[in-house]
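There are 2 protein chains.
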Amino acid sequence: MYKINDNYLKLPGSYLFSTIGKKVAAYKEANPDRDVISLGIGDVTLPLAPAIISAMHSAVDEMANAETFHGYAPDLGYEFLRKAIVDNDYKARGVDIALDEIFISDGAKSDSGNIVDIFSQDNTIAVTDPVYPVYVDSNAMSGKTGEYLKDKECWSNVIYMPCVAENNFIPDIPDKTPDIIYICCPNNPTGTTLNKEALQKWVDYANEKKAVIIYDAAYEAYISEPDVPHSIFECDGAKTCAIEMRSFSKNAGFTGTRLGFTVIPKELKCGDVSVNSLWARRHGTKFNGAPYIIQRAGEAVYSDAGKTQTREQISYYMKNAKNIREGLADMGYTVFGGVNAPYIWLQTPEGMKSWEFFDLLLEEANVVGTPGSGFGPSGEGYFRLTAFGSAENTVKALDRIKNL
Amino acid sequence: MYKINDNYLKLPGSYLFSTIGKKVAAYKEANPDRDVISLGIGDVTLPLAPAIISAMHSAVDEMANAETFHGYAPDLGYEFLRKAIVDNDYKARGVDIALDEIFISDGAKSDSGNIVDIFSQDNTIAVTDPVYPVYVDSNAMSGKTGEYLKDKECWSNVIYMPCVAENNFIPDIPDKTPDIIYICCPNNPTGTTLNKEALQKWVDYANEKKAVIIYDAAYEAYISEPDVPHSIFECDGAKTCAIEMRSFSKNAGFTGTRLGFTVIPKELKCGDVSVNSLWARRHGTKFNGAPYIIQRAGEAVYSDAGKTQTREQISYYMKNAKNIREGLADMGYTVFGGVNAPYIWLQTPEGMKSWEFFDLLLEEANVVGTPGSGFGPSGEGYFRLTAFGSAENTVKALDRIKNL
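Protein chains in written order, with our numbering: chain Z, 1 to 404; chain V, 1 to 404.
Bound-form chain Z, shown alone (with noise of 0.2 Å):
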C-alpha cells in the first residue's frame, strides 16, 4: 500500500498568498460593484518593455521555422543568457563568476523551494521571522523542521530571527547554530536590508560554523543606497558559504513570464562534494529548461534598451512606494522599508491583529494587502503593501485608508 509523505500534513493552513486569494474572491463575489485595489501579492502592474517584447516576437518568429527552431535547451540554459548575466550582474560589480556557475529556471519560487532536495534532513534551517512563507514551508514538506506547535505558530525545529522595530529588522546572530541559512536581501516582506558590514558578518559567521547561506535576492534591482551589496558575492567569502537566486519577476516584470538563475559557486563544497554538482544533477533531472523564447526575453533585459526601460518601470514603482510610506507617515502610520525595496512594512494601528486590520482594509477600504502574521510570528501587528499597483491605483488606495 502506497504511503503519502506525512509531513505534508503537519503544514498549518494553505500557502498564504492561496489564502488571500481565496478571501479575495469570496469577497469580490460577494460584493461584485465593488473595484478592489491589491497592494497584496507582490505581482507587478507594468506591461513587458517594449526591447522584452520585440525579443520574443523574434524569439517565436524562430520557432516557425526549422532553420532556426528550438528544441531541448542545455542543461543549465543558453550561453547568451548566462553570458549576460555574468557581464552585468557580476562582473559588472567586480564579482567574478563563471558560465557553469549559473543555473536558468523557471524562477525564484521553483529554485528555492526545490533546493531543499540537496539537502540531507538532518540540517537544522534559520530564518529571519518574518520571512518569505516557501522557505520554511518547503522545508516542512521535505521534514527538516521538526513538528509543528500550534500555540506558538511554529516549528520545533527551525531556528527562527525575530526582525522587529526595535533591533531595525536586521537579524541577530542566533545562539543555536543553525547549518542552512536563508537571508532575503532586500527583503521580503519587511522592504528593509543589510549593508555590506553587516552582511559581511553573515558570510563570516556562516564559513566560521560551515553553514550554507541561501541568499534570495529577488529584488536587488531596488536597491538605492550604495553601501547595500546587490550580490551576496561582493562579500569576502561568499564563494565558500553561499547559494544566491536572482528572478526577472521584480526587476522586469516577469510574474507571468517564468525566468529566474540561481548561483552556486564550484569553492562551496560539503567535504569533498560540489554543491554546484549536486544541483546540476538534479537541474538535469528534475527539470527541463526555461523556454527558449523566455530566454531570449530575458536575454533582453540587459540589452541597453532593456536595462533603461525596466530602470524606468523600477522607478515607477519605487515613486508609488514613496507614495506609500510618505502618505501612511502623514497618517500617522509607522512605516518601514520602500526606500530598497517595493515593499513597505506598516505597524497595524492601536495593536490591530494583522488578520483584523486586513479585513478591515479589504471591508471597508476594498484595499488588498498581507498580514504580517502569514509571513511569520514575529509579524504579527505588522502588515505588507505593495508598491506594484499603478500609479493612480496607488494613490486612490492611500485616499480610501486616510478615510477608514
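None of these hints come from the bench; they were simulated from the model.
Check before you lean on any hint, since a few could be wrong.
Stated by the list, open to error - Distance condition first, Cα-Cα at most 16 Å in a straight line; then the derived EDC-like pairs of lysine to aspartate or glutamate:
| # | chain 1 | residue 1 | chain 2 | residue 2 |
| --- | --- | --- | --- | --- |
| 1 | V | Lys269 | Z | Asp6 |
| 2 | V | Lys10 | Z | Asp272 |
| 3 | Z | Lys3 | V | Asp122 |
| 4 | Z | Lys3 | V | Asp272 |
| 5 | V | Lys196 | V | Asp227 |
| 6 | V | Lys3 | Z | Asp122 |
| 7 | Z | Lys209 | Z | Asp175 |
| 8 | Z | Lys322 | Z | Asp399 |
| 9 | Z | Lys22 | V | Asp100 |
| 10 | Z | Lys10 | V | Asp272 |
| 11 | V | Lys3 | Z | Asp272 |
| 12 | V | Lys22 | Z | Asp100 |
Put chain V on the given structure of chain Z with help from the hints.
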C-alpha cells in the same frame, strides 16, 4: 555544519542524456568536419505549427499593454487551457475529469521528477526495465530506492519488470508487491504499448493492492491502433489508483517551449488524504505556473487549425518511424515499436553491447542513437532510434547504417 542529501551520491554516473550530449560534443569537437545526425534524444525538429505561432504573437502583444498584461497565473494554470484539455483529451474520449483535477506545469519531466515529493520514503516503486531514467533517478534522489548494486546495475529497493522481446515488452505482474507503479504508455524507450485489456489488468491490480500508478502518457498522440487507450482513465476504476502525466513536447513540438500537465482525480485517496490536495499544496508552494504566453500556445494546440497542423506533424514523424522500422528490418535488424510511438527499439547486431553499438554508430555512421542499457539492465543489447529527425536526415541516417 550543513549536510547534503547523501542519496545523490549513490546515483551511478550522470543523467543518461547529459552523458550522451557530452560524448557527442566531444566527438564533434574532435571531428568538426563531420555531419552528425541525431536520432538520439527524443527532440523534435519540425517548427511550431502556425496556429501556435500566431497565438504566441498575440499573447506577447497582450503582455505589452497594461490592460491585457498577465502577472502571476492561477495556481493550477489558466482555466482556458484546463478547459481545452478537459474537453479535448478527456470528454471527447468519454472520460469525465474536473477542471481542478488538472495541474498545468512546465512539462512532464518536471512533474514526473517532482511527484516523488508527495510520497513517503517508505514506498517501493516498480518500473519497467528498460525505463525512462527520470522515474528511478528522482526516487533515488529522495531515498526511496535503497542501495545501488553496481554489479547488477540496479537498486536494491526497486522492483524491475523486464520488458524484452520474449514477453512482447509487456510487463508481468511482479512477485513482490509494489506501492508505486510507473507505466509509460506508449512506452519510452521501447515504442511498444499496452492495449486496453492489458492496462485494465494493471488498474485492477493497483486497486487490489492499494498501489498508485503513475501513468506517463507523453506519447499518446502517436497511438494509431484503436484498442490502445489514450488515457488510463479510460479504464474502469483508474480514478482511485492513478495519476496521469501529459506533455505538449511530442504532440506539438514543445520540447523547447515547455508545457505539460498532471491529472490527479479527487477520488485518489490514501486513507482520508486526498492526493490531489497534496499536489495542489506542492504546486502552490514550489512552483509559480507556466508562462502566460506558453499557456496560450497550449490552448492553440486544441484549436481546429492547431489540431489539423499538429496531426500533420505527427504523420510526418510516423512516416519516419515507418521508414526506420522497414529500413532496418530490410537490413536484417530485429525491430520493435514505431507503430503507436515515435521510438524504434532494435536489437543490436551480433550481440553487441548497447554502448559499443552507440560508439560504432557515432564514429562510423555519424548517427546518434540511445543505448538501450542506459534505460536499465534489460535494455542491454537493445538500442533506441527516434522518428523525430527530419525526413531527409532520417533517410540519410538509414543509408549510413546500411553502409556500416
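Given the proposed pairing of Lys22 of chain V with Asp100 of chain Z, does the C-alpha separation stay at or below 16 Å?
-> 14 Å, holds
Take the C-alpha atoms of Lys196 of chain V and Asp227 of chain V, compute the straight-line distance between them, and say whether it is at most 16 Å.
-> 6 Å, holds
Straight-line Cα separation of Lys209 of chain Z and Asp175 of chain Z no greater than 16 Å?
-> Measuring from Cα to Cα gives roughly 12 Å; hence the hint holds.
Is Lys3 of chain V within 16 Å of Asp122 of chain Z, Cα to Cα?
-> 7 Å, holds
Hint consistency between Lys10 of chain V and Asp272 of chain Z [alpha-carbon to alpha-carbon, up to 16 Å] | 15 Å, holds
Would the pair Lys3 of chain Z and Asp272 of chain V pass a check requiring their Cα atoms to be no farther apart than 16 Å?
-> The hint holds at about 12 Å.
Pair hint outcome, Lys22 of chain Z versus Asp100 of chain V [Cα-Cα no greater than 16 Å] = Judged against 16 Å, a Cα distance of about 15 Å means the pair holds.
Does the structure keep Lys3 of chain V and Asp272 of chain Z at a Cα separation of 16 Å or less?
-> 12 Å, holds
Agreement of Lys10 of chain Z and Asp272 of chain V with the hint, judged by alpha carbon distance not exceeding 16 Å | 15 Å, holds
Within a Cα-Cα threshold of 16 Å, do Lys269 of chain V and Asp6 of chain Z meet the stated pairing?
-> 13 Å, holds
Restraint check for Lys3 of chain Z with Asp122 of chain V, where alpha carbons must lie at most 16 Å apart | 7 Å, holds
Does Asp399 of chain Z lie within 16 Å of Lys322 of chain Z when you go C-alpha to C-alpha?
-> Holds, because 15 Å separates the two Cα atoms, which is no more than 16 Å.
Against the hints set out earlier in the document, no violation occurs for any number.
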